[in-house]
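Chain residues, written in single-letter form:
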Amino acid sequence: MRAFVQLMALAALAALSPAQAQAPTGKVTVLTSFSKDVTDPFKKAFEAAHPGTTVEIQNRNTNAGVKLLEETRSVNQVDIFWASAPDAFEVLKGKKLLQLYKPKAAGIPAKIGAYPINDPDGYYSGFAASGYGIMWNERYAKANKLPDPKEWQDLAKPVYFDHVSIAAPSRSGTTHLTIETILQGEGWDKGWRTIKEWSGNLRNVTERSFGVPDAVNSGQVGYGIVIDFFAFSAQGAGFPVKFVYPTVTTIVPANVGIVANPPNKATAEAFVEYLLSPAGQEVLLDKGIRRLPVRPETYAKAPADYPNPFKDPSLGGKVTFDSGLSSARTAVVDTLYDQLVTFQLDGLKAATKAIHAAEAALAKKDNAAGRAALKEARDLVAKMPVTAEQAASPEIRAAFTGGKEKSARQAELEQQWAASAKAAYAAAEAKANEAAKLAR
Amino acid sequence: MSDRQGVAVEVQNVDLSYGTNHILKDVSLSVRPGEFFAFLGPSGCGKTTLLRLIAGFNQADRGEVRLGGMDISHLPPWRRDVGMVFQSYALWPHMTVARNVAFGLEERKMPRAEIASKVKSALALVGLEALADRYPSQLSGGQQQRVALARTIAVEPKVLLLDEPLSNLDAKMRVQVRRELRDLQQRLGLTTIFVTHDQEEANSICDRIAVLNDGAVQQVGTPMELYQRPANLFVASFLGTANILPGRIAGDGAGRIFAISDGAELPLPPGQLPPKQSKLVFRPQHAALNPAGSPGLAGTIAHREFLGAVVRYGVSIAGTEILVESPFGSAEDLRDIGSPVSVAVDVERVHFLDA
Amino acid sequence: MATAIEAPRAPAQRFAATPGQMLLAALIALFLALFLVIPVITVIYVAFTEKGTGAFTLINFYDFARTDLFIASFWNSMYVAAMTVVLASLFALPLAYLTTRFEFRGAGIVQMLGFIPLIMPPFAGAVAMQLLFGRNGTINLLLDDWFGFKIPFMEGLNGVVFAQAVHYFPFILINLSAALRNIDRSMEEAAQNLGSHGFRLFRRVVFPLAMPGYIAGASLVFVKVFDDLATPLLLNVKDMLAPQAYLRITSIGLADPMGYVIAVVLIVVSVAAMGASAWVMKGRDYATVQRGGGGLSKRPMNRSQAIGAYAVVLLILFLVLAPHIGLFLLSIATVWSFSPLPDGYTFAHYARVFAESSVFIKNTLLYATLAGIIDVVLGTAIAYLVLRTKLPGRHWLDWTASAALAIPGVVLGIGYLRTFFDVKMPDGTSFASFWIVIVLALAIRRLPYALRACYAALQQVSASLEEAAENLGATKSRTVRRIVLPLMMGGILAGFVTSFATAAVELSATLMLVQSTSDAPLAYGLYVFMQSPAGRGPGAALGIIAVLLVAVCTLISNWIIERNQHLRSTRT
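Chains as they are written, first to last, in this note's numbering: chain A, 415 to 854; chain B, 17 to 371; chain C, 310 to 881.
Treat the hints with care, as some may be off.
[What the hints assert, rightly or not] BS3-like, lysine-lysine: derived pairs with alpha carbons at most 30 Å apart: (1) A/LYS481 to C/LYS671; (2) C/LYS671 to A/LYS510; (3) A/LYS778 to A/LYS564.
Hint data in this document are derived by calculation from the structure and do not stem from the laboratory.
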């Protein structure tokens with residue numbers, strides 16, 4: 415019955431707009447980073463709403479999807495690119511791999527939190543919102559007697575040492591946004607300090623976005639920095655996990671865009687329209703999906719405790735996300751994180767552990783010289799090899815793209831950064847040990 | 017190593033089965049100290065199984081094996097001090113000749129210098145000192161055989177077991193090596209058991225032979241005893257060539273005869289008192305061919321084989337074929353196929369054996 | 310006149326092969342060039358170009374040598390590969406030795422179960438091992454509860470060693486068992502007769518004789534582990550070479566040369582390892598040296614020995630089958646989180662898989678079967694050309710095909726995309742999106758296994774059997790069909806099984822090449838399932854189905870091989 419109503423609504427819509435004269439039919443190929451739990455309900459609903467169509471899902475992680483579209487642009491066979499990270503869409507737009515399309519669906523606000531829902535240029539549209547936060551396993555927390563975290567900074571506390579997991583930002587569009595959000599929210603230097611402080615408590619850095627919720631779900635790791643729907647869908651699947659949005663977070667839309675030269679344009683457009691339609695938005699409430707709809711009225715049908723960014727001003731209101739700045743320094747930020755954290759995790763953890771120990775010692779028996787040494791150790795950990803200006807400079811960006819202005823090759827920069835981090839962490843560990851000794 | 021005293025090997029009431037397959041049936045025999053003894057029999061008779069039982073590779077269901085009077089039935093192979101040369105030689109391809117020979121000495125934890133000198137003298141004994149650093153794959157069959165022998169005697173075992181040691185050699189080598197084996201055994205005075213299916217081999221070098229068939233010992237004796245006085249039909253037919261004729265005994269006293277069939281009868285010497293159901297056995301050389309009509313069994317020449325010193329004729333007598341050997345004189349003496357003859361059997365040398 | 314007649318007629322001798330054989334060689338060379346050499350070269354040549362300009366340079370290798378991370382990764386990979394060989398040997402040696410040299414009830418089952426770990430769908434194995442051996446896995450939760458300590462089975466490089474040894478030890482088991490079975494029993498008996506027994510006997514005689522088989526298996530394990538990226542990544546170990554190559558190529562981009570530099574290093578090390586093992590084993594193939602049909606000796610065990618042996622075997626089997634046990638539990642678990650065992654059990658996951666994913670199963674059977682067939686056809690043909698003709702350059706076919714072993718799946722996948730994307734099919738779509746490409750990639754990846762099996766099978770067929778057929782008037786091709794192939798059948802089937810079984814669970818090349826879900830094989834479906842919380846159960850169920858599927862096919866082939874061999878031995 416619902417499908418029938420949707421069909422009538424769409425038929426009416428089609429009758430109203432001459433541009434939609436071509437009826438959607440045949441196969442629409444969707445390249446997506448979303449899991450089966452997300453894609454299957456949409457596939458079913460869309461095919462029911464548009465008899466005669468089939469949705470063909472190609473599953474890739476976001477980066478691999480972008481690479482695939484790049485590699486195959488001459489013989490493109492994909493109609494739709496459907497993923498979370500707005501950055502990826504910015505990259506595709508920059509490479510002219512997206513088709514301009516302004517959805518006809520009405521009733522969707524311009525912004526969610528502080529973030530514009532749709533691409534102002536009209537190359538892609540937000541269909542659901544997601545925020546980043548901290549997810550944890552209740553059984554794990556209980557067994558290890560750990561408190562519930564509220565803010566990013568909480569994760570830097572000594573109690574969480576070796577209990578936290580994150581996906582490498584170079585591997586996960588969503589984590590990249592988390593890092594970028596913190597950097598934009600707190601500024602380059604303070605942001606990196608925060609990031610490194612809780613990164614020192616990391617258990618591991620995974621190479622798949624889903625690696626983090628997976629480890630939290632099974633209890634291998636206690637706390638994960640994840641996008642909200644990972645936690646919500648895990649709750650939906652019955653796992654004993656909890657989730658919190660820290661204050662400095664941003665609610666960003668997950669997007670859909672039509673790929674340039676789509677093999678089946680009519681059906682591709684119908685798919686985008688369906689995602690944004692009231693019926694399509696309701697699918698987001700499915701307990702295996704659990705994403706935040708971009709239509710405010712859909713929340714009326716949601717369970718009671720469902721977060722509502724249109725009602726709750728604390729959700730993502732603090733940071734205005736500058737996606738231009740973000741995409742300008744994507745490669746630099748990701749590489750910095752990899753070289754300073756991912757591949758130096760042992761050194762960073764050793765320094766962090768020493769700092770925690772010194773802190774505990776000083777708490778018992780205060781000592782000014784010790785405090786100074788401890789501060790020095792913290793500063794050493796926080797030290798960055800490049801400034802915000804350098805990170806966005808054409809010289810450094812060229813090293814990553816192979817452009818002409820480059821001052822050094824990417825591999826050289828990486829080695830420099832890694833070497834400086836390694837030395838800094840070793841020095842920090844020594845300083846912290848010194849501080850601990852002074853407190854004795 | 018030459019002044020060792022040989023020890024006796026005794027096998028007593030040994031039974032061995034694999035599942036329902038009864039391989040050895042109540043086998044008993046004893047090998048005297050220093051004796052060169054053969055287990056002879058057709059393939060599948062159990063001779064190799066018996067040898068492996070002495071070496072400890074098979075376990076008897078019943079009975080015991082004694083070495084110099086001591087029961088070794090329950091000792092593992094490596095504690096038995098019984099040297100064995102394998103049919104395949106079993107030289108380890110990853111070790112040189114010298115390493116192969118040194119192996120057993122090393123297992124006995126001898127000092128290095130002693131091992132070196134023993135390896136040297138063992139190789140000298142078989143005349144292979146020059147090949148000490150070769151690998152087995154670089155040796156001829158005869159050389160490999162000698163390495164295998166050197167490897168075994170180097171550890172100075174109480175008993176030497178040889179499992180068809182000559183079967184992988186060509187005919188000429190075989191004769192040469194078996195003489196060498198005999199010489200070596202005599203010099204060392206080592207009790208030696210030799211498994212073979214070749215009666216000539218056994219006859220030519222062994223002091224005594226145990227003939228086995230179907231898992232049981234048929235007869236034990238010197239080569240001559242076995243040949244002249246076979247204990248049963250199997251031994252008679254297995255050793256050399258024998259005519260074995262069914263028939264019946266008729267008549268009495270001096271008139272007693274053995275009737276092969278109607279019209280073909282042999283007079284029996286008065287001393288012989290064979291049982292009723294027995295077969296007549298005699299060697300081909302214990303019969304002679306006479307011109308047709310002479311006393312004896314009348315028949316015709318069915319086939320002829322020229323064997324060099326003798327000529328073997330198959331004579332058809334009343335539907336039965338009898339082999340007769342006569343010395344070869346000249347081509348004129350040969351009898352043609354189809355010609356009638358009379359066969360005279362030397363009745364003093366016939367046996368009657370139970371059917 | 311007379312001398313003219315007596316002059317030797319040379320022409321018949323001049324050609325080293327018949328025209329048919331030359332054509333066959335040319336076709337194989339073309340196939341290997343198209344689907345192995347060219348795609349790989351299109352990928353790795355990037356290693357020799359300057360980023361941005363594309364000019365030829367060796368500076369990237371200089372950068373590789375100067376980057377601490379890469380050098381550390383190199384040594385870490387070496388360490389992991391070498392230690393995996395050691396641990397895998399510890400698993401394989403007792404199993405192989407006890408089941409081949411003793412009267413061991415259930416030896417056949419042990420050998421079969423020992424093969425199962427090879428059939429482990431990607432992702433699933435590491436996920437399941439984490440659940441059992443992870444920091445908060447079953448074993449450690451219980452240990453912590455009872456004794457208050459944990460064992461870091463799965464941590465860091467040693468965790469990778471453990472997981473890899475469990476996965477790859479069958480390569481050693483299979484090769485070592487075959488080698489042990491080939492040792493004539495008189496070899497051991499001679500040693501016992503000279504006073505050796507127990508471990509000394511094993512160390513001084515049995516193991517050296519089995520060395521060729523052991524080295525063959527060990528070098529295979531070394532190369533596979535050195536090149537593997539999935540297991541380290543799933544255990545969050547990134548400072549190894551293969552993961553570094555993968556991470557760079559897939560996250561920094563296809564234009565970044567360092568990923569390809571690493572790929573070149575991987576290939577060079579793998580080829581060197583295979584070459585070294587071949588060199589070490591040169592002239593040590595003892596199987597043909599051992600004469601005398603002593604056959605296999607199986608010693609009986611006394612009671613205490615038997616108890617010890619079964620305890621060892623069961624412990625090893627538990628360890629190596631743990632991923633499968635864990636996966637099975639996961640496939641019937643409702644929720645399994647921070648607890649020794651799942652909260653509850655259900656069969657709903659299987660229902661979901663059967664309802665949604667039968668296309669994966671169908672595709673897997675189709676692809677793996679086709680890949681297996683391609684492999685044994687190529688393998689037999691190459692083995693024949695190498696062993697039975699004097700064709701110049703025939704060894705290059707063998708070497709090239711074997712080199713596929715050293716090509717990481719990702720490199721091959723990217724190479725296919727690059728090479729074939731611009732090749733258009735008649736209907737205008739790209740050849741690279743045609744499912745046959747997945748089959749070809751699987752076939753090329755598994756070709757070395759099948760080739761070795763076919764090669765060994767043909768080596769065991771005496772050339773005199775062929776000469777007899779030719780002497781009786783059979784042509785070369787008819788001889789091959791009527792004599793050679795029937796005699797090789799056991800080995801060919803063995804090659805097919807190895808190709809089929811491993812292709813059925815291959816992911817690395819597939820992941821790059823699958824263009825649509827309807828063409829996807831099971832491993833891909835499993836990967837997709839495993840990306841969501843509610844998909845773990847169904848993913849595990851799909852994994853179990855994959856294992857069962859492959860195991861059943863393997864059993865059937867084994868049965869056919871054994872029947873075949875039985876027939877042959879009773880006929881002679």
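Verification of the hints:
1. A/LYS481 to C/LYS671: Distance of about 29 Å is within 30 Å: holds.
2. C/LYS671 to A/LYS510: 38 Å, violated
3. A/LYS778 to A/LYS564: 26 Å, holds
Figure legend: structure checked against the earlier numbered hints; the only hint not met is number 2.
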